[in-house]
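Based on the sequences and whatever the hints tell you, model everything.
Here the sequence shown stands for residues 1 to 460, numbered as in UniProt numbering.
In short, the hints are calculated from the structure, not lab data. Hints may contain errors.
[Unchecked claim] When the alpha-carbon atoms are kept at most 30 Å apart in a straight line, the in silico BS3-like pairs for lysine-lysine are as follows: (1) Lys277 x Lys379; (2) Lys322 x Lys297; (3) Lys379 x Lys258; (4) Lys77 x Lys9; (5) Lys278 x Lys330; (6) Lys21 x Lys52; (7) Lys297 x Lys224; (8) Lys363 x Lys445; (9) Lys129 x Lys21; (10) Lys330 x Lys296; (11) Lys162 x Lys379; (12) Lys278 x Lys297; (13) Lys77 x Lys4; (14) Lys322 x Lys296; (15) Lys361 x Lys258; (16) Lys343 x Lys310.
[Unchecked claim] Derived Cβ-Cβ restraints for the label pairs, each shown as a range: (17) Gly130 x Ala13: 44 to 50 Å; (18) Thr370 x Asn307: 44 to 50 Å; (19) Val359 x Ala13: 53 to 59 Å.
All residues carry an ideal CB built from backbone N, CA and C; glycine is no exception.
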Amino acid sequence: MFAKAFRVKSNTAIKGSDRRKLRADVTTAFPTLGTDQVSELVPGKEDLNIVKLYAHKGDAVTVYVSGGNPILFELEKNLYPTVYTLWSYPDLLPTFTTWPPVLEKLVGGADLMLPGLVMPPAGLPQIQKGDLCAISLVGNRAPVAIGVAAMSTAEMLTSGLKGRGFSVLHTYQDHLCPEGRQVDIKKSSYKKLSKFLQQMQQEQIIQVKELSKGVESIVAVDWKHPRITSFVMPEPSPTSQTIQEGSREQPYHPPDIKPLYCVPASMTLLFQESGHKKGSFLEGSEVRSIIINYAKKNDLVDTDNKNLVKLDPVLCDCILEKNEQHTVMKLPWDSLLARCLEKLQPAYQVTFPGQGPVVKKGKICPIDITLAQRASNKKVTVVRNLEAYGLDPYSVAAILQQRCQASTTVTPSPGAKDSLQVQIQGNQVHHLSWLLLEEYQLPRKHIQGLEKAPKPGKKK
Numbered sequence: 001m002f003a004k005a006f007r008v009k010s011n012t013a014i015k016g017s018d019r020r021k022l023r024a025d026v027t028t029a030f031p032t033l034g035t036d037q038v039s040e041l042v043p044g045k046e047d048l049n050i051v052k053l054y055a056h057k058g059d060a061v062t063v064y065v066s067g068g069n070p071i072l073f074e075l076e077k078n079l080y081p082t083v084y085t086l087w088s089y090p091d092l093l094p095t096f097t098t099w100p101p102v103l104e105k106l107v108g109g110a111d112l113m114l115p116g117l118v119m120p121p122a123g124l125p126q127i128q129k130g131d132l133c134a135i136s137l138v139g140n141r142a143p144v145a146i147g148v149a150a151m152s153t154a155e156m157l158t159s160g161l162k163g164r165g166f167s168v169l170h171t172y173q174d175h176l177c178p179e180g181r182q183v184d185i186k187k188s189s190y191k192k193l194s195k196f197l198q199q200m201q202q203e204q205i206i207q208v209k210e211l212s213k214g215v216e217s218i219v220a221v222d223w224k225h226p227r228i229t230s231f232v233m234p235e236p237s238p239t240s241q242t243i244q245e246g247s248r249e250q251p252y253h254p255p256d257i258k259p260l261y262c263v264p265a266s267m268t269l270l271f272q273e274s275g276h277k278k279g280s281f282l283e284g285s286e287v288r289s290i291i292i293n294y295a296k297k298n299d300l301v302d303t304d305n306k307n308l309v310k311l312d313p314v315l316c317d318c319i320l321e322k323n324e325q326h327t328v329m330k331l332p333w334d335s336l337l338a339r340c341l342e343k344l345q346p347a348y349q350v351t352f353p354g355q356g357p358v359v360k361k362g363k364i365c366p367i368d369i370t371l372a373q374r375a376s377n378k379k380v381t382v383v384r385n386l387e388a389y390g391l392d393p394y395s396v397a398a399i400l401q402q403r404c405q406a407s408t409t410v411t412p413s414p415g416a417k418d419s420l421q422v423q424i425q426g427n428q429v430h431h432l433s434w435l436l437l438e439e440y441q442l443p444r445k446h447i448q449g450l451e452k453a454p455k456p457g458k459k460k
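What follows is the structure, given as structure tokens:
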């Protein structure tokens, strides 16, 4: 609605009666706001103006401006918060998440299509058609747009996340969004700077030191604190080819992926002496050390042949099959260690640059490259599981479209609940190989399907 310049009809200070009516309208429109929050949003004494304007399509809109910042706008007797207001009240509306490159399209006036949604682990918020919703970006909970749902959550899922999801009314960086980025503590719930600093220090976000009586100084800031990293302002998309354009300025760096082993219930007796219990995660070197120490502590190393280990009841129960219980009495070290690793559950640890490690059970799925036939016998290249390695499918699609000079699409990956796949026209495995191995420096062992590249002289 505000993607293009609008025409201002009038700009007047609000009257006392209109201010009270606005508070009542806010309370009705947003019942989750408490009385104090409504008073903060619509202040009693601060300057508050009513701006009547015409949007570029001719819609008559009333905008309420407090302290130079638009806080609300009214269209056809419906009241809407601005993104400026949602930064102060991020949980005011049900929030849906999209990829950073999508913001540029929304600012340009596009609606949010369902393939652009990111499916959170807990599922999509439950809404009905016509509900007002907020839109945020991956890695940033500060809303960047508001829109009206074109269908209910149930209808979105039934459609396979295809079609138009939200009619976008207002976005960060549109003509309604102010350039100023100041924060008025007096208009926050803290009211005073000292209370704000005290709360931030209690949450270990900052360290405050009193230099002299009444004079305090911020001496340290934890820039990696979740409250800071999850509430950064989105920046415009840079022109350079960086991964997740619009959300980070640094080029993509691959995550550090470390294989781990998880102790199952059947192996707890073997590992409890070393202080580990069911569900403990261990590296391969730790497993090896624990097994060696266990064997030596319990005098299980064969005195005649140091390369053999005698199996006590615990080792028998943990690593032998039932038909081996009375026949296998000793094992070589390498066989013993190999059997132990096989009986442990696979797991892995992923650490992205600047973030803490994340441990998950199972084996990490490799980036999967396949070739498929589409309509009219056309060949396409499909790549899946990019998100597991911190890669944004939309950014990858945009880069491949330019490099391959071929059409690309991003769609939900069949059979994968929270994953997207990139489809490129033609056999583009060579280009994918360059992008993943050379540009992104991903290890070859985490990519499958590179052998599908066209042979020299063979038509793609």
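Status of the hints after comparison with the structure:
no.	hint	in the structure
1	Lys277 x Lys379	violated, 51 Å
2	Lys322 x Lys297	holds, 26 Å
3	Lys379 x Lys258	violated, 36 Å
4	Lys77 x Lys9	holds, 18 Å
5	Lys278 x Lys330	holds, 26 Å
6	Lys21 x Lys52	holds, 17 Å
7	Lys297 x Lys224	violated, 43 Å
8	Lys363 x Lys445	holds, 13 Å
9	Lys129 x Lys21	holds, 28 Å
10	Lys330 x Lys296	holds, 14 Å
11	Lys162 x Lys379	holds, 23 Å
12	Lys278 x Lys297	holds, 22 Å
13	Lys77 x Lys4	holds, 22 Å
14	Lys322 x Lys296	holds, 25 Å
15	Lys361 x Lys258	holds, 12 Å
16	Lys343 x Lys310	holds, 18 Å
17	Gly130 x Ala13: 44 to 50 Å	violated, 34 Å
18	Thr370 x Asn307: 44 to 50 Å	holds, 45 Å
19	Val359 x Ala13: 53 to 59 Å	holds, 57 Å
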